[in-house]
Amino acid sequence: MQHDVIIIGGGLVGMTLALALDAHGVTSAVVDAADLGATTTSEFDGRVSAIASASARMFRAIGLGGVLDKHGGAIDGIRVTDGLSPLNLHFDAAEGDAGPLGWMVENRLLRTALLEAQAKAAGLTLHAPARAVVERTKAGVTATLGDGTVLGAPLVVAADGRRSALREAAGIRASRWTYPNVALVTMIEHADEHGGVAAEIFYPSGPFAVLPMRDPHRSAIVWTVDEGDAPGYLKLGPRGLSAEIARATGGYLGDLQVIAPPSSYPLSFHHAGSYVAERLALIGDAAHGIHPIAGQGLNMGLRDVAALTEVLVDAVRTGLDLGAPAVLDRYDRWRRVDNMAVAAATDTLNQLFALKGRAPAAVRRLGLAAVERIAPLKRRFMAEARGETGDRPKLLLGELV
Amino acid sequence: MESKESPAASATTDPREAAFFGGLASDWWDPKGSSAMLHRINPLRLGYIREACVDRWGLDRRARAVLSGRRALDVGCGAGLLTEPLSRMGAAVTGIDAAAENIAAAQAHAGALPIVYRSIAVEALAREGATYDLITCLEVIEHVADRPAFFAALRTLLAPDGLFVFSTPNRTPLSYATLIVGAERVLRSIPRGAHDWSKFVQPDELTAELADAGLTVTGVQGMTWRPGTGFVLGRDVSVNYFGTAIPT
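Line order of the protein sequences matches chains P and F.
As numbered in the UniProt record's numbering, residues 1 to 401 make up the first sequence, in order.
As numbered in the UniProt record's numbering, residues 1 to 248 make up the second sequence, in order.
Chain P extracted, bound-state conformation (with noise of 0.2 angstroms):
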């Protein structure tokens, strides 16, 4: 069966470019490992994502605004500080009159949304679970999957994840670390209402942040912590980690209580010294990742999805062949760059605020409260929080190519 696509993974991103696609009219076969129906339960994915509001424009497009207007919680205002000091940095939506930053939702909601959409897209096949065996050579792809079906198509994208296959396969390398820290993820009820804000409290081993859910009572819990600490933080007990979590929040939501199982992630940083090959392209986390601290890992996906989207399209209208050097190295161009320079100061917020003592503590409540009082330096924050810097592809302005 011959596609214009094949893309190999259905999570978050890989499913999101199918739709994207689809709304234009180029056709995709997707490929995924997992039985994708089960990817939607809590058990699989407990996290919550934050979807910047470019990102949510290019939801709205292409017709996946309704999770957002029925799930997504949203978040009018972006709280930094430097531990408990009194001195902070806050963005609030209203400063820029653009609706919220972005929106708060659950991983496992957005997995039913896109898998909704992709049961009525016409131009998108979902193999999964489904093993492929990817042969690329100068003419084009093939994807061989287990019951013998071939699929065939100029271009195969790798949606495939930080280990993907796609991409050691292809001999592309990807520069790595580690960091010495876990985030533990879990769900919170509090007796005052959030407001829609979200918090970001920066600590000595890495940020704690408190994102607002749809339900006013109720907030995300994203908790960086050292590697050796996360064990005993995962055995205290709910009352245990309330108490923990109230403290780390200095108390601002009030009575507060553990509702959802804590689970832990190691982080790690990874990105590709290429985003493309023969008739290969990588998206989302098989090109990058990046350390949470603000948000931004689904993001940048979302943005090379935005970004490849609009590649292909205009690959697809002015009769090119989709796997051409020429048109891939646009993509590779316009998303390498970019995801590199938030990497890197994704990067660098992270070791500053992770630097113990007390000069850089001066330094950083310093500097946040600096930013808070130069209007141009905040703008430019707000509009990184956004999604809305860079070259934009036109999805991301909530437009069809």
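Hints are not guaranteed to be accurate.
[What the hints assert, rightly or not] Restraint ranges, calculated between C-beta atoms of paired labels, are given here:
| hint | chain 1 | residue 1 | chain 2 | residue 2 | range |
| --- | --- | --- | --- | --- | --- |
| 1 | F | 216 | P | 69 | 45 to 55 angstroms |
| 2 | F | 232 | P | 60 | 22 to 32 angstroms |
| 3 | P | 162 | F | 160 | 24 to 34 angstroms |
| 4 | P | 216 | F | 235 | 50 to 60 angstroms |
| 5 | P | 152 | F | 208 | 44 to 54 angstroms |
| 6 | P | 341 | F | 173 | 37 to 47 angstroms |
[As the list claims (entries may be wrong)] Calculated from the model, a selection of chain P residues having no Cβ within reach of chain F, i.e. all distances over 12 angstroms:
| hint | residue |
| --- | --- |
| 7 | 108 |
| 8 | 119 |
| 9 | 176 |
| 10 | 178 |
| 11 | 215 |
| 12 | 227 |
| 13 | 232 |
| 14 | 248 |
| 15 | 254 |
| 16 | 260 |
| 17 | 267 |
| 18 | 318 |
| 19 | 321 |
| 20 | 324 |
| 21 | 340 |
| 22 | 392 |
If you're looking for bench data, these hints aren't it; they were derived computationally from the structure.
Backbone N, C-alpha and C define an ideal beta-carbon position, used for all residues, glycine too.
Since chain P is already given, all that's left is putting chain F on it; use the hints.
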């Protein structure tokens, strides 16, 4: 057998030019080969042609096969770098080239695409009486022996509401420095000997020659290279320019 037609005796074809490009035939489709430069500018020039067609005939900007139902002629098609995309854009395309080796390479590469490839000169084709909605002639005019005869034949081949799209290098000191010294001799990004600078045409000269043949130029844009961005279209026509023309 169409490929046995001999354009060598034609007035518009320079046999040395045909032999030079015919010698590169086997390499045309290698993106890193002798035609690397053409591969790199292909997205830009196809985008330009598409826009011109959308404007000329008021087509749906978002249509996948925007040229459906239209007949196109690609003059100097080489091994089909432009011809194949035109076919995928929906046009019924004929590709012609003076070098029989190119036509053989083009036919071998076309696969299932319904393209008609012929080694025939434009004046011979014009005598057959068919007309085309779109005629493309990219990086060809600078290799033509007798331009007035060439343009007259194209005018005959163009349908009354047709569109002619061309691109060619300008004849300026900068184009000499860029294309002959820079690209051919220093960077070797274009095969050495591909161009004869003295045969390059300036936009005003070309506009006048097309007017003599009954074709009115409706727009001209320059193509330049910018570091970081690559090739772009704009007002600067000093190295290479694109243009459109319609029957007067």
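Hints versus structure:
1. F:216 - P:69: 45 to 55 angstroms: For residue 216 of chain F and residue 69 of chain P the Cβ distance comes to about 53 angstroms; the hint holds.
2. F:232 - P:60: 22 to 32 angstroms: holds, 31 angstroms
3. P:162 - F:160: 24 to 34 angstroms: Hint violated: Cβ distance 59 angstroms, outside 24 to 34 angstroms.
4. P:216 - F:235: 50 to 60 angstroms: holds, 55 angstroms
5. P:152 - F:208: 44 to 54 angstroms: For residue 208 of chain F against residue 152 of chain P, whose Cβ atoms are near 50 angstroms apart, the range 44 to 54 angstroms holds.
6. P:341 - F:173: 37 to 47 angstroms: Since the Cβ atoms of residue 341 of chain P and residue 173 of chain F sit about 39 angstroms apart, the hinted range of 37 to 47 angstroms holds.
7. 108: holds, 34 angstroms
8. 119: holds, 23 angstroms
9. 176: holds, 27 angstroms
10. 178: At about 33 angstroms from chain F, residue 178 of chain P clears the 12 angstroms cut-off, so the statement holds.
11. 215: Check passes; 40 angstroms lies beyond 12 angstroms.
12. 227: holds, 40 angstroms
13. 232: holds, 50 angstroms
14. 248: At about 44 angstroms from chain F, residue 248 of chain P clears the 12 angstroms cut-off, so the statement holds.
15. 254: holds, 52 angstroms
16. 260: holds, 44 angstroms
17. 267: For residue 267 of chain P, whose nearest Cβ neighbour in chain F is about 33 angstroms away, the distance exceeds 12 angstroms, so it holds.
18. 318: Residue 318 of chain P is in fact no farther than 12 angstroms from some Cβ atom of chain F, at 4 angstroms.
19. 321: violated, 8 angstroms
20. 324: violated, 7 angstroms
21. 340: Non-interface label stands for residue 340 of chain P: nearest chain F Cβ at 14 angstroms, farther than 12 angstroms.
22. 392: holds, 16 angstroms
This entry does not satisfy hints 3, 18, 19 and 20, going by the numbered hints stated previously.
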